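Based on the provided sequences and hints, a complete structural model is requested.
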Amino acid sequence: MTLSLLQSYWWLLISILGALLVFLLFVQGGQTLILFQKNNMARQMTVNSLGRKWELTFTTLVVFGGAFFASFPLFYSTSFGGAYWLWMLILVSFVIQAFSYEFRRKPGNLLGTRFYDLLLFLNGIFGCVLLGVAVGTMFFGADFVVEKGNIVNGASPVISSWKSPLHGLEAIFSFPCLLLGFTVLYLARMQASFYLLNNLSGDAVVTSHYRRTMVLNSGIFLVLFLTFLAVLFTAVGYEYSADGTVTAVQYKYLMNLVEMWWFGALFLIGVVLVLYAIFAAIFKPGKNNGIWFTGIGTFLVILSLFAILGYNNTCYYPSVADINSSLNIANSSSTHFTLEVMAYVSLFIPVVILYIWYVWRKMDSKPITPQEVLEDDHLY
Amino acid sequence: MNDLMSVVDWSRAQFALTAMVHWLFVPLTIGLSFIVALMETMYFRTKLEKWKKLTKFWMLLFGINFACGVATGIILEFEFGTNWSNYSWFVGDIFGAPLAIEGIFAFFMESTFIAVMFFGWNKVSRGFHLAATWLTAFGVVLSALWILVANAWMQYPAGMEFDPDQMRNVMVNFSDVVFSPVAMNKFFHTVFSGWTLGGVFVVGVACFMLFRKSNREAALMSIKLGGWVGLIGLLLTMYTGDGSAVQVSRYQPMKLAAMEGLYNGQVGQGLIGIGVLNPSKTVDNQEDPMLFSVEIPYGLSVLANHDAKSFVPGINDLLDGYTIVDGNGDTVTDLSYTEKIARGKEAQEALARYHDATAAGDEQTRAEALQVLRDNYRYFGYGYFTEPSQGVPPVALTFYSFRIMVMGGGYLLLFFLAALFCAYKKQNWLDRRWIHWVGILTIPVVWIVSEAGWVVAEVGRQPWVIQDLMPARAAISAIQSSSVQITFWMFVVIFLGLLIADVSILCREISKASKKEILK
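Chain order of the listed sequences is Y and C. Using this note's numbering, read the first sequence as starting at 1 and increasing by one per residue. Using this note's numbering, read the second sequence as starting at 1001 and increasing by one per residue.
Note that these hints are calculated values from the structure, not bench results.
Some, not all, of what chain C presents toward chain Y, calculated at C-beta under 7 Å: (1) A1067; (2) S1088; (3) L1099; (4) A1100; (5) V1124; (6) S1477; (7) I1505.
Quantities reported herein were computed from a predicted structural model and do not represent experimental measurements. Beta carbons are placed, not taken as given, at the ideal position from N, Cα and C, and that holds for glycine.
In structure tokens, the structure reads:
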């Protein structure tokens, strides 16, 4: 395999992991619904349904980061080291999730169940919004410069430097980035409603509640998503040539979608699936399997968005401080050797997916009922 | 320059804090997952409900601890990028791979099967559940393998070469990275130390049950199983620890010198059994390094090289360079740090020349610079130093931590032997209060010993992030020290809260269990 092919392959894997992660953020979306859930049984069922999946989302986030590090280390180095505060806030928002499920109902947890529910809520809000903002900088640019020659400068050996003194916080105040952040949040809330409708059973109050939640969040999500698409498809993207020169191209992302029509088709299929799930759930209230349609739809849409971000000679991390420092899959990747070794490793990913699917098929063969929540001796 | 050093120090402090807190949870996860899997195997084989109930009790404690390990583990992964971004670029081609593989293989395995462990008792068959418990334990060990491969690579960078065109290190042999002798030894040493810690925890908690005069049968079962796991784990930890000493001697002689507080080495070097360092001793003065010491003759030569007649260099020997004929008539030699610094700077200057010549299309200068770079690259990292003393790790912390680890290990050997003796031969001794107290108080002791081991490994490695290639000062991110200070204190608050809540919940669960018969 050529280096170029391996770089494309690894961008595809990153895109797949990114798409899976966005789908699995339904856990975070669900957490934003817990705190204001008045019905105690509904809250318990919700927490125990989400709680059994949180580690899957968390692990996908970690693997997404690890895979990015292994395949495109210059991005990891530049973005994490530069947008320090943005990544730290994302980190903290996920750290507080990791122990909250386990601690929330345990005697001796010091701060009470509601406190841990608040932490889960904060993780839900900030985890989604800030991850969206971070990905937004990949579309709309970030404020960095890369100078590899610095490695031999003893007084200042760091090769990537961030020009904004806010070190990533400035992205939170960028409209397109923040728009993507809130789009991700409401997507996660919508998905959570679909997931909970599917995974919880035996309580009419709970079902009716999450149906209303689904309708409301779907509406807000659609407005945000369409606005984001309008901003994205009219935005300037950055294209690199064979000699590494970078130029700004108007409507770059829209053109990528057209030029790589197969991703355009996946994008459209994804959108149709999400819309179908929403309308089917509204007009056929007895159906609770919408999560499969929105899940697959979300996966396809995010996969396509990552594809138009990284393929077709596009800089996936444009620098607004120095256009020629922009990162693309060719100038930021690991070497041929490492990518090839990792490509062999990646052949095991289907095995991993298969056992995850098998295990959860067994575990989720019956929806969670109020009785289970009352009787199980290991509860969140 | 001052802010640079401040960023380095705060970044070090933050990473050390995170790593130490993470290490409070990880060895218990390693040890307890194995013990829980053994208990469930007993249940599977005997079908006795008491084994199932015992398994569930220890599984509950495992779950609380596991969540904290996950919470602190992700911080380390992020900090490689946020605080050590130059490092992430310089060696990301090599270092990133084990982290990614850890995620793909180990984390998914743990996170999938742990859900079956906790929620699958009534949803899957007994065999499937047992398999899930073992796979969780296996996932934990697999995770340890890959992260320790990454850590060992920093101590002994193998399977790589420097690519001057990309100005970074690149991987050239994956199996050399994974199966480096340092990686394998470190992996087994760490996993076995986890078994030891898990064993002490189980025996200690069982002693608490006995102290409360409850759950005698459960306590005895736990002491027997925990005792054997701990004892076997400890003996294997000692064996692999011996291997570590030899490797440190070979690949990180400055670390070994710091572990011993040894400034001037000799042929047939003794090992300090007990000693107090002279706090005013530095590399710049001639004071005696020890205020008091009891030395085991030839001990360090034997420990480091398995050869009583071998030469072990001290800090001054390493700084000044040496050529010595050892007791076997072999000549051992090493360059002085001054010379290594000069050659490191030569390598860096050659790299800059190579880069300029490439841009200018000057092939002859490029070839010459490349040759100079290759000849001196092994000293590349020394080029970041301005004086030799910058290459010396904190001696006192390394010295005392090493002693805590070794003496603590000796105590734990006696502890496990005594626990098993009581459990099998003198069960009535287990009614004595002081024995209960010994068991309970050994729980914090094993954690101190375990943390001390990591302090030896990581503080002794300083100032290197990657041995000989990149010191910490060249590995950092370009951020203000005030930013790192804020996040440092933020993590202090988070970790304190996490630890207090974790210990509180564990104590409450253990206390709750001690007020009822958990096997009934």
